[in-house]
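Can you make the complete structure from the sequences, with help from the hints?
The primary structure of each chain is shown beneath.
4 protein chains.
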Amino acid sequence: MRRNKVGLWLIGALGSVSVTVLTGALALRKGLISETGMVTTSEPFEPLELIPVADFEFGGCDIRQSALLDSAYRLFQETRAIDLRILKAVEEDLRDLDNNIARGTARNCGDAIEALADCSARQDVSLLQEVELIRDSLRTFKMEKGLDVLVVINLASTEPPLAMQDFHHDIDAFESRLGANDCQAIRASTLYAYAAILENCPYVNFTPSNGALIPALVQLAKSRGIPVMGNDGKTGETLVKSALAPMFLWRNLEILSWEGFNLLGNMDGHVLDHPSNCESKLKTKDQVLQQILGYAPHSQVHIHYVPSLDDQKTAWDFVHFKGFLDAKMSFQFVWQGYDSLLAAPLILDLARMAELAKRRCESGLMAHLASFFKAPLGVSEHSLNGQFDLLAEYVQHVKKKSSRKLRTVG
Amino acid sequence: MRRNKVGLWLIGALGSVSVTVLTGALALRKGLISETGMVTTSEPFEPLELIPVADFEFGGCDIRQSALLDSAYRLFQETRAIDLRILKAVEEDLRDLDNNIARGTARNCGDAIEALADCSARQDVSLLQEVELIRDSLRTFKMEKGLDVLVVINLASTEPPLAMQDFHHDIDAFESRLGANDCQAIRASTLYAYAAILENCPYVNFTPSNGALIPALVQLAKSRGIPVMGNDGKTGETLVKSALAPMFLWRNLEILSWEGFNLLGNMDGHVLDHPSNCESKLKTKDQVLQQILGYAPHSQVHIHYVPSLDDQKTAWDFVHFKGFLDAKMSFQFVWQGYDSLLAAPLILDLARMAELAKRRCESGLMAHLASFFKAPLGVSEHSLNGQFDLLAEYVQHVKKKSSRKLRTVG
Amino acid sequence: MRRNKVGLWLIGALGSVSVTVLTGALALRKGLISETGMVTTSEPFEPLELIPVADFEFGGCDIRQSALLDSAYRLFQETRAIDLRILKAVEEDLRDLDNNIARGTARNCGDAIEALADCSARQDVSLLQEVELIRDSLRTFKMEKGLDVLVVINLASTEPPLAMQDFHHDIDAFESRLGANDCQAIRASTLYAYAAILENCPYVNFTPSNGALIPALVQLAKSRGIPVMGNDGKTGETLVKSALAPMFLWRNLEILSWEGFNLLGNMDGHVLDHPSNCESKLKTKDQVLQQILGYAPHSQVHIHYVPSLDDQKTAWDFVHFKGFLDAKMSFQFVWQGYDSLLAAPLILDLARMAELAKRRCESGLMAHLASFFKAPLGVSEHSLNGQFDLLAEYVQHVKKKSSRKLRTVG
Amino acid sequence: MRRNKVGLWLIGALGSVSVTVLTGALALRKGLISETGMVTTSEPFEPLELIPVADFEFGGCDIRQSALLDSAYRLFQETRAIDLRILKAVEEDLRDLDNNIARGTARNCGDAIEALADCSARQDVSLLQEVELIRDSLRTFKMEKGLDVLVVINLASTEPPLAMQDFHHDIDAFESRLGANDCQAIRASTLYAYAAILENCPYVNFTPSNGALIPALVQLAKSRGIPVMGNDGKTGETLVKSALAPMFLWRNLEILSWEGFNLLGNMDGHVLDHPSNCESKLKTKDQVLQQILGYAPHSQVHIHYVPSLDDQKTAWDFVHFKGFLDAKMSFQFVWQGYDSLLAAPLILDLARMAELAKRRCESGLMAHLASFFKAPLGVSEHSLNGQFDLLAEYVQHVKKKSSRKLRTVG
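Residue numbers (the working numbering), protein chains in the order written: chain Z, 4 to 413; chain E, 4 to 413; chain U, 4 to 413; chain V, 4 to 413.
Simulated from the structure, these hints should not be mistaken for lab results. Certain hints may be false.
Ranges of calculated distance between the beta carbons of each label pair, as one might list FRET restraints [what the hints assert, rightly or not]:
| hint | chain 1 | residue 1 | chain 2 | residue 2 | range |
| --- | --- | --- | --- | --- | --- |
| 1 | Z | Ala299 | U | Glu147 | 48 to 58 Å |
| 2 | Z | Pro47 | E | Ala395 | 18 to 28 Å |
| 3 | V | Leu131 | E | Ala118 | 45 to 55 Å |
Each computed BS3-like pair below joins lysine-lysine, with the alpha-carbon atoms no more than 30 Å apart [as the list claims (entries may be wrong)]:
| hint | chain 1 | residue 1 | chain 2 | residue 2 |
| --- | --- | --- | --- | --- |
| 4 | V | Lys325 | U | Lys91 |
| 5 | Z | Lys91 | U | Lys325 |
| 6 | V | Lys325 | Z | Lys91 |
| 7 | E | Lys325 | U | Lys325 |
| 8 | E | Lys225 | E | Lys403 |
| 9 | U | Lys325 | V | Lys91 |
| 10 | E | Lys33 | Z | Lys325 |
| 11 | E | Lys91 | U | Lys325 |
The beta-carbon is built from N, C-alpha and C at its ideal position, and this holds for glycine as well.
As structure tokens, this is what we get:
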């Protein structure tokens, strides 16, 4: 059986996460590193016959212009997170990938993001033309590399939250607004998602930007047989929160306050230092606790830009809780991880799972991937164990199906 | 339908946990505090029709002699954990309970524990006579209070570990050794458990002492239709560990080292400051990580006696882990809780669940209670979520059975 | 030699700090507690012959109306910080002090504070009349108690920062504005300080409110022979900062970032939750680091209101620094202390030292008290050790003077 | 004026600290790094005209045999602490230094250290002959490089504590024991120190080994005009402790407990994992607190070997203290630093200061260097600020002397 030829298209291709995805994938291909950090390489996923990381073709787009290798050296030299011999060993390959990076758009992404763009936004171009340009880059890449499937994953900087209007909920209304070039209610992430779906590309929104997978586009994906999922990769403080909050629930220890403080110094932190962009992030982080507990303790999540930390996110969470005889106790944790290194392997996992979903003709939201997201679309389960149960059930289900098919075939 | 009349017999009745159990139960009975911290009062347990905390008759035994009220004031005034108006309000009731505290035994418990005893051990008495004395206190209490069931829970100080020999695995061999008065291989906790089972009392070992539920006694319990469970209540650092370790497993983040430091200043800490007693504790704590992860990272658990902390346990755990591109990251937590206040509500939960098991004619190990223990007997599941699934399944099972019975009856 | 009869007048007399000052002073008088936490009771201060805490007469004013004992029970029952038997033992004395609490003013203190006032502000009254009312309460209290000296200490909630204008720097200009009833540029704290100085009362501003000791009033104090000092008591995170920052300086470890997060839940926290009031606090906290280091690292101080903590302030500081070979390292600390209990003993210290200064006919700023303040007026020394050297030198100086006098007299 | 030609001889030349000293010095010489972390390069030290780091000749000895460059790559690749381009740039120079590393001795250092030795100890050789061999290496190096002064610094692994006997206190008695080849009461560090002093080399003991500067040798140094100093470099947890403990003292906050936990994974940690070697370390750490406070709180210092941390020491300290109204509060800190990078710059500082002392004909203990040591010989001042005052006074003293000399000369 011929395997699908698969590509992975990264929006925000020059950002830290993307650079880490590419460096890691190339290092894996060369056998230089272990698969540590990737979920789908562990034993339970074997029967799914996911695409090997080594077989992916990588491309993407960005609003900035720079060489991937420079970005990689800047990132890893600053944080000193990885053994630089690894980077050395994939230099050539990274350099080659520069050819696969197209020009991106920052349409209506707010000042903080637009300030990053190396080229002024294409203001002379209508939204529909912008969509055409994106579709064109996807088509070209698929053709050049002879791809059966191209998975598109959004890693661009967080946009300000988009206020949902009626037309965001209906694909026809949305398309007519798009045709009318209504620039205020449509963001770059919306255009990317729309273009991807029209090009039959599975689409994953790893950012908190709520403009990406508006209900109208989920509807479109469903009707066109395209699997999609989001929002906002769950990599650090929220991951821990979703693993720990159930413990308090199960033991009937009442959480009085849960305060979280995230310090980080990369581009992500820089953009999130702008209140409007940060608002998106805080929204996706905020609901986790209440959803798990069934009540809303005093809880605030703070993000602060501390340049010296670069990619090394440091988070302190303080949990105040009440126990027996109404006594107050506390729990604190400090999470020190490299933001991009925590996110990158999940991108590879999501790409593999999205390709499988496409192969299996699933359409609309991939709810079984909830554990990867802070605000999983269409899923009310927020506890990490509950979300992993969803994933395990999916794996079982696929396994049974394929063994049945095998039996039939046999 | 007449409800069972139920008693709870606490071994180590004057210790901090027991005093907290009693203070809390009396306060609950008066409606002075919430049920926070108790697992079995939450909504999913309602269909089980567990015995209300208010209906328990409390008794127990101790090797020390003192008034419960004094112990309570000492405990809560030192730690300032609770609102002293609560203690004030239950003064009378606590004083009444002094009448229900019998003399206990510290047979072969090691110097650290024997030093605590107010009366010299009854050396003139054979092991079999010791068993008779224990059985007699249980019988007397049952009779005096007119009890249908008396649940016995071991809260005594941790004994040094008992090296298992062949005869610990066979009830006949055990009984013949007991008859031969072989004092070295049998500890106080063994005598208590044996006596309880012979008196048809469900027995729970909340301590790490491995002498309590030796295989021979589990066998006896099974054959006599008595539900039993242990070992070592999971209340703090290990609880968090069993909630967090699965996160690292699921995300394929390799744990390199997990070092735990527990500071505490109560009697428990004092006894655990003795190497041989501490050994028991560390043994039950130690296996959790490896069982969950499937591999053994560098991991040590340390317990230190810091008198000024009294009952306020403070634990620091440092977790070093490897992520994508083999980068090292870390996670730390600090747990600050009142040891006795974390343990006490679980005692009430266990008593209620043990009574239910007796009522339902279950016998032998109550594996569904694994989540309450650091080293659950007969259960290989160590992740907190897996253990709560066991509990939830049991609740479902009981519910179905009783609704079926109701239908039949109806 | 007859000792001065001394009073202590607390502005914000019903607040947590004041209630703790009074409870503590009464408990000390009864010998119920140790002098732990008071600086001036330690051995080096003995030769100064400071007024014993037991000899103070206490009074004050507040914009709220309530019984001191109620405030004390609310405070200490919520936080469970102290042994309630102490409070019980001073109940009577606290109740007596209610008679010494006059009505205060919240003139131009911002909405957050005015919302706390039990009585609407006296809007019909001119600023000069307000000053007269304050002077009258001070005079009355002095007369009633037969006081030689009345020390006034401001413990009221933090006002929004006052933008300094020319007239704040000149006493004549200030008085003419006061006469013209210019309400916008003069705050309650200014009126209190002015009134105190006119009544020959040493005045200490323990709050961050910069309106209290404006240059014009320092000038007035100097010319009238009144000792004054401020601003903002140094009790927690900033105290630690001023003790630790010199270590980095001495060792030439370059601080890259120092981020501080303060969680607290008392009235102070509530008022500081209002951005304009918080601004004052952050201003006094902010300058410490730069003054000690001689350069300005990335540094932000955050204050968050977490009601469940009540008076138990919890602060996390993250310090990122560079060492040899330009390697980055980090230091974190967590400070968990009772805000009012840390502040209260310093109030007693300051009152004793202010009385001494008055007795010794010192006038203007008491620079030797710099170690007590986050933003010590007229002092550029911000390192804690440097500030303690100032204090030690003062003690030596006074000692020499008095022994010389003794010799002369002798 | 011709400057002295100066050498630095490192005992334990292949260890992490030494490798870092050499890498750093070479990088400084090339202008690749800042002087961050070195104390003596800051402004107040300028008038002392210390030897520039670039002018030192480096040599040393070790019981292991390996290339410096290999050690450096192993160290920095594992910890990823520094930018590897720096190491790349000094490769050649490091390789050249291999020629300057002589064979060392592990005489009577305990099993843990002897196990590290690449060559079996020279058992056939008498102690006196061992001394001759050491003197010979020092003489040879001085001659080859044409050195005026050779500073010797002990960086070897920590020996087990040496029980002091009478003869350790008297140089004649010591020399007769040495002549009698009394191997049990004399350790490698003693032989090194003795040889250095006889060769007129200033000697600094940066390790906790108490055998190095026994009173007899301090006496010898004094009589021969040789400056010496020790013991045990103060680089991490103890540094912080000595900066913070005075704060509690000054504020009269009573420390109840101060518990310290040090995790580290380098050779130092490995050797300290052996109880007898660790004992030395804990002894020097232990006295600091009591000396500063004037009383002894409950305090234990723990060192644990956690291999995955390599050189990245992680320490958690928990401080429990009592404040006003006898309320208990707490302070915790986490120190995460690279052990060798914290120590190395101090070695360069000490070498420069020792050369100055030799030039100024000082002899015996250099008490002004107390701030560099956990257990400064001949100094009872343990607070960091007090120790820096000592250093500042010395600098002032030297400055005055030299300006006077200059005036005289002029």
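Here's how the hints hold up against the structure:
1. Z:Ala299 x U:Glu147: 48 to 58 Å: 52 Å Cβ-Cβ, so the 48 to 58 Å window holds.
2. Z:Pro47 x E:Ala395: 18 to 28 Å: 22 Å, holds
3. V:Leu131 x E:Ala118: 45 to 55 Å: 54 Å, holds
4. V:Lys325 x U:Lys91: Holds: lysine 325 of chain V and lysine 91 of chain U sit about 21 Å apart, inside 30 Å.
5. Z:Lys91 x U:Lys325: 26 Å, holds
6. V:Lys325 x Z:Lys91: 55 Å, violated
7. E:Lys325 x U:Lys325: Holds - the C-alpha atoms of lysine 325 of chain U and lysine 325 of chain E are around 24 Å apart, at most 30 Å.
8. E:Lys225 x E:Lys403: The given pair, whose Cα atoms are some 24 Å apart, holds under the 30 Å limit.
9. U:Lys325 x V:Lys91: Holds: lysine 325 of chain U and lysine 91 of chain V sit about 21 Å apart, inside 30 Å.
10. E:Lys33 x Z:Lys325: Roughly 19 Å between the alpha carbons, so the hint for lysine 33 of chain E and lysine 325 of chain Z holds.
11. E:Lys91 x U:Lys325: 55 Å, violated
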